[in-house]
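Visitor: Got chain A sorted already, so can you dock chain B onto it with the hints?
Listed below, chain by chain, are the residues.
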Amino acid sequence: MSVLRFLPGGTESHDSLGPVVDAIRARQAWLADVPVDTLLALFDDFAGRLMRDPHTQGLEGAMFLAAWLKRNNLENLLRLNFNGNPAYLDGFQPRGRDYLAAKPHGLVAMWMAGNVATLPMFSLVPGLLTKNVCLVKLAQPEPQGIDRLLAVLSESGAEGLRGDELLEAAAVVWFDYGQGELSEAMSRAADAKVIWGGQAAVEAITRLPRPEHCVEIVFGPKYSIGVIDRKRLEGDEGALDEAVAGFVRDVAIFDQRACSAPQTIFVERNARLSLREIGERFARHLERLGPKPGSDPYTTMQILDARASWAVDETRDVIASTDGANWTVCLDREASLKEAVQSRTVFLTEVDSWRKVIPLLSPKVQTVGIAFADREDALALAEAATRAGAVRCVRPGLMNNYESPWDGKLLLSQLVRWVTLKP
Amino acid sequence: MTSLTPQLHASLAAQVDDLIRGPQYALDQPEKEARLLPIVRELCVDMGRRCPPYGRFLERLGGDPDGWQSLADVPPLPVSVFKRFQLSAVPPERILRELHSSGTTGQEPARIVIDKTTAFRQARALVSILKEHVGAARRPLLVLDAAESVAEGEQLSARGAAIRGVGNFATETVFALLQLPDGELVPEWPRIERFFNEHGDEPLLLFGFTFIVWTRFVEEAERRGARFSAAQAVLLHSGGWKNLSARAVSKAEFAARTAALLGCEPGAVLDFYGMVEQVGTVFVDCPAGNKHAPAFGDVLVRRPGTLEPVAPGETGIIEVLSTLPTSYPGHALLTEDQGELVGVDDCPCGRKGRYFRFTRRIERADVRGCGDTFAQSREIG
Chain A
1 MSVLRFLPGG TESHDSLGPV VDAIRARQAW LADVPVDTLL ALFDDFAGRL MRDPHTQGLE
61 GAMFLAAWLK RNNLENLLRL NFNGNPAYLD GFQPRGRDYL AAKPHGLVAM WMAGNVATLP
121 MFSLVPGLLT KNVCLVKLAQ PEPQGIDRLL AVLSESGAEG LRGDELLEAA AVVWFDYGQG
181 ELSEAMSRAA DAKVIWGGQA AVEAITRLPR PEHCVEIVFG PKYSIGVIDR KRLEGDEGAL
241 DEAVAGFVRD VAIFDQRACS APQTIFVERN ARLSLREIGE RFARHLERLG PKPGSDPYTT
301 MQILDARASW AVDETRDVIA STDGANWTVC LDREASLKEA VQSRTVFLTE VDSWRKVIPL
361 LSPKVQTVGI AFADREDALA LAEAATRAGA VRCVRPGLMN NYESPWDGKL LLSQLVRWVT
421 LKP
Chain B
1001 MTSLTPQLHA SLAAQVDDLI RGPQYALDQP EKEARLLPIV RELCVDMGRR CPPYGRFLER
1061 LGGDPDGWQS LADVPPLPVS VFKRFQLSAV PPERILRELH SSGTTGQEPA RIVIDKTTAF
1121 RQARALVSIL KEHVGAARRP LLVLDAAESV AEGEQLSARG AAIRGVGNFA TETVFALLQL
1181 PDGELVPEWP RIERFFNEHG DEPLLLFGFT FIVWTRFVEE AERRGARFSA AQAVLLHSGG
1241 WKNLSARAVS KAEFAARTAA LLGCEPGAVL DFYGMVEQVG TVFVDCPAGN KHAPAFGDVL
1301 VRRPGTLEPV APGETGIIEV LSTLPTSYPG HALLTEDQGE LVGVDDCPCG RKGRYFRFTR
1361 RIERADVRGC GDTFAQSREI G
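Sequences listed follow chains A and B, in order.
Its first residue numbered 1, the first sequence is counted upward by one per residue in my numbering.
Its first residue numbered 1001, the second sequence is counted upward by one per residue in my numbering.
There may be inaccurate statements among the hints.
What the hints assert, rightly or not - Only part of the chain A face toward chain B is listed, based on derived beta-carbon distances under 8 Å:
1) Asp-323
2) Ala-373
3) Asp-377
Said to hold, decoys possible - Computed list of chain B residues with no C-beta within reach of chain A, every gap over 12 Å:
4) Arg-1021
5) Gly-1225
6) Arg-1364
Quick caveat, the hints were computed from the structure, so don't treat them as lab data.
All C-beta atoms, glycine included, are put in the ideal place defined by N, C-alpha and C.
The following block holds chain A by itself, in its conformation from the complex:
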């Protein structure tokens, strides 16, 4: 069997994608008739169940997902994406003398990155909320918790809609990316493609043949940074500690593999703390994280290579955990974006001024974590960074909080076709 389909109660295998695609396509008309308010009620129930479900408590990001699924949040997202009126999703709405509606593309094929266990839900829920049937391909054959999330969703309910019914409009599958004919079949079946992943994955998936009308929504590889200004470093101890703790949370979650996780954090030269002393503050917070759940050999080698490269260089310095490759703080004064090592590896770079960071920014940079005591400077950095291509400027601790817009895109509004009626 070459296609593995994850179901709330287990898995099933298929020889091809054809039956899976046919099954979800068959639910397209039914889903179009489900009111958006009913979908919101169902996801709200899903949120409550997730918060109570003992099996998903340990799943990284599950609590954030639950908060994100709450009716209030999803309603806000819909209003943001649909010009304040989610009813466009239920049918034509008057607009002056004319009418406007938001129709689903049809079948949305979604390719997931393997770095964030809850990511499929952040793609699947918008897909279903916009009444698309969804074919979700995981990056790995291991469900990594998605099986349990599907189970909780299938048990959820709202008046007029059961979770297991809704899941008939979606399929979560895995097949080896080397099976080119399956990748092609998935792409050819798509009315829209949502692609999450690194450069190689994005290039391979966007090269696949697709129907002429099919749109592609790409969340490709990105790099994120942090910046701490002089006034924060010289000012209130508590505020500085909070900023460092926030950055360390951003580093720890999803093992620093998300595109929103800070890799290089720039600190302004200041009169109070040396670069080493700032590094030691990061080290103290990293030390409190406890051991990592696991590490692959490649990432371990990358960490050890970075440590050694920083250690042998007299212009650099390094502070590292003594219990293996648990965490690392690399210190230097080269105003550059360091190659992401991930897995609790922070590059702390001292610069004369935060303005030295601006030339390094480009559309490749997604999120800028700003820990500034000077509000005007913070706004000036945000203005300059977003002009250069960055799309999110947030406080430390919020860098990995999935929100809309993401990567500069309002995903929900891109999952529909805007249609007009002029009677």
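Guide: What follows is chain B alone, placed relative to chain A:
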């Protein structure tokens, strides 16, 4: 910074020489560890004094050398560092040659500086190891490579360094391949046939790199329908299996078809594990198919993440330890390979110490996700 006193230096050198000269697989692990640890500690500390970058590495990441309780406490230097830094403990005039790794596409090759003492030790160490696998007598050697690989000069490739090392075991050396102007290697059949005609009934040694042996010698010979009668031949080969695995050639098939071609036993086809960063410290297959650490070095397999040594039966990252180098910090090196620690002191072949099997090169992980990007204006190293 001061180096060791001449007396201590001489004493250390004598201890290393004893280990090189003595039996290679006779010490059980506790005894070996007790002998090696103080030597490795002194060598690392001395290297730190003579090679300031390594001194910084030890100071920043090594902890207190006096607190090292076992070889696993010695901080291993990743071999990748040699691709970005020239780590030398000797002045330029004392560098005998520079060894270069082959390097993969887009990567800088590793550069290893060798002084006279290191070169001398490496040669003797290799002979000591080979003696225990193929016997003490030197043999005619057919190198399944081209002479250009060991061209004279101050720089030498990994292949060249290994060929030179094995050459110390030869009564006569013949190169089986010819390097064409475009770099392609082709067999010199008249020369090969002459070698087997002259020496076929003697104990012979053949040496080459696994992929070259297979593609330029075995497959070519099979295509020609060639067969040799060298019942006493031993083939030593080294190098990655990745390319052969891609051709679906297993280690067993490699040994069987090569042995059939040479007319020897498949057990005489010996794979060995080694690297340009530690020439001389090689790990040759024993009859049970395991690789053993020699007396003057050791092997550790470390668990990814925690870096703790694995238990027998587990796989991890291979670290190799050696007392040979005097010109570069190569006493504890973390390789880019994965292996299984098969056991300690209990190999059916009777050799003592830790023994392992190479499993694969460490490859880029698939799951690094959307944050796995290269910074646009990065400056590394």
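Visitor: To test your reading of the hints: which numbers does this structure violate?
Guide: 2, 3 and 6
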